[in-house]
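S.K.: Based on the provided sequences and hints, a complete structural model is requested.
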Amino acid sequence: MTFGSSLKMKIFVHDATGSHCERRGNCVLSMRVRTRSGNINMLTRRKWIAASTGTLMLGALGSARGADSSPSANAPDDVLIALPGKKPLIKRSFRPPNFETPLADLRSRFTANEAFFVRYHLAVIPEIDARTWRLRVGGPSTARPLVLSLDDLKRGFERISLAAINQCSGNRRSLFTPRVPGVQWGNGAMGHATWSGVRLRDVLRRCGVLTDALEVVLDGADGAVLPQTPDFQKSLPIERALDENTLIAFEMNGRPLPHFNGAPARLIVPGWTATYWVKHLTDIRVQPQPFDGFWMKGAYRIPTGAFPGARFTSQETPETTPITQILVNSLVTAPSPDARLAHNRPAQLCGWAWDGGTGISAVDISMDGGVNWRGAALDKDLGRFAWRGFRYALDTSRPGPLAIRVRATSRGGEQQPEKLTVNPGGYHDNKILSLALEVA
Amino acid sequence: MRRAAVWAALGAYAALASNGVAAGEEIIQLIDAPGRELTAASCVTCHSLDYIPMNAPLMSRGSWEKTVHKMIDKFGAPIRPEDIDQILAYLTANYAG
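So the protein sequences, as listed, match chains L and G.
Using my numbering, read the first sequence as starting at 1 and increasing by one per residue.
Using my numbering, read the second sequence as starting at 1 and increasing by one per residue.
Simulated from the structure, these hints should not be mistaken for lab results.
A hint or two may mislead.
Cut-off 27 angstroms, straight-line C-alpha distance, at most; resulting in silico cross-link-like pairs (DSS-like, lysine-lysine) [unchecked claim]: (1) K419/L <-> K431/L; (2) K380/L <-> K431/L; (3) K70/G <-> K297/L; (4) K297/L <-> K74/G; (5) K297/L <-> K66/G.
No experiment lies behind these values; they were computed from the predicted model shown.
M.R.: Here it is as structure tokens:
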């Protein structure tokens, strides 16, 4: 196949606006790629990096092996492709679409809507007309069912906005040792945005929640090709559904939700992994018994008691329990992993730290393999569900290797661990970060 | 003939996913070896074929067997029992670590 073999692309360097990391000294610029026709297309990471001088010829993408057999986080053969309405993202799978945000797009305080990662389980994803869309809310544990239009939601309930991390349960799965099957995500199955909408609690209360309510089941418009494939439906414990921070959101960063991020409305469960953030919401059902769908009973489960975080007792067995809260974690956004720092030039280590809803109290850096730790400077606090920027001046006075470790601590007292807790789903990789940089 | 059948299947499912989601999917070509057409036709109904090379480095015959049976038992993949061996042989020979 020689798809796109003669495509010419213009590469140009621009200022990454809104970044928390100052652009001076050794900091890294990000790049944006456009074709002459204005369509954003695909190129491999290696070509992306090699392309900084001007125009490149996009070569043949090669066989499936050539294009796709290196799934690790910073694989040189990562293919960048733009979905409609999106900028080029790292393609993990075409259908259902699973696209990861490149590191360069995780440098800004809020992840741009067009750069935000895309994750689907099932391949049929209808385009929804927001004018005719309806949300049905009811179920056996409510007094009266409701059908709401988008206008009903916007006009009938208090509007709430909050900043929150949206992180896939399987983020960093490709970094697992031993390797675990599944979508081979690197660091970019996550993003940070301001979400605006209404409280799920306010909507449920209008239906009259009965005292026997146990779980709230959420269904979206996306579905499977075959009728026998389990539809993607999730449930929440009633307490979490009634939490004041659980939202039905219709805006992301002040704009309507992008199609591929759940238009016209999706669930926001701040502090919990993105599997609960059901997109293209159509049905909300309150019920007195545990929901027994495949995506609760057969997927997104972790060994019972293996991790900290909220329990989902109505779905728990002695062996396994649903994944719930995001664990304390961090990400280095600059310097880039392959950077060489100039001797005696200022260099800053920058990144983000976050957790499942208590906020970040410290990010510590070690330059000696974890014996001594020093605190990084923290950016302002945008709320307990937001990520928090950190900065640390690197010592470039001696040429040679720099072995850096990064460890975040939450206000709840959780700290990134030394080692991964291995689990079959490849979830919750929050081990202390290790980076190898070079001063030359 | 068999290749034509695969492209017909791809066409049919491209039509199913006609909202543009799968644009570009045709660049994914599985390794040309015995069993390719059967494997492609069995998988491409529900998902693009890039799932296969994406997981190849960490797969063995045992893990492919588990995966194929998960697709049949949990997701309802319409794969005939008599075809399973040939699909597993193809995946193990071409997409295992």
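S.K.: With the threshold set at 27 angstroms, check whether the alpha-carbon distance from K70/G to K297/L stays at or below it.
M.R.: Holds, at about 14 angstroms.
S.K.: For K380/L and K431/L, compute the direct alpha-carbon distance and say whether it is at most 27 angstroms.
M.R.: Given pair K380/L, K431/L holds - Cα atoms ~24 angstroms apart, limit 27 angstroms.
S.K.: Below or equal to 27 angstroms on CA atoms is what counts here, so check K297/L against K74/G.
M.R.: This hinted pair holds, its Cα atoms lying about 11 angstroms apart.
S.K.: Do the alpha carbons of K419/L and K431/L lie within 27 angstroms of each other, as the hint requires?
M.R.: holds, 5 angstroms
S.K.: Are the Cα atoms of K297/L and K66/G separated by 27 angstroms or less?
M.R.: holds, 18 angstroms
Taken one by one, the earlier hints all hold for this structure without exception.
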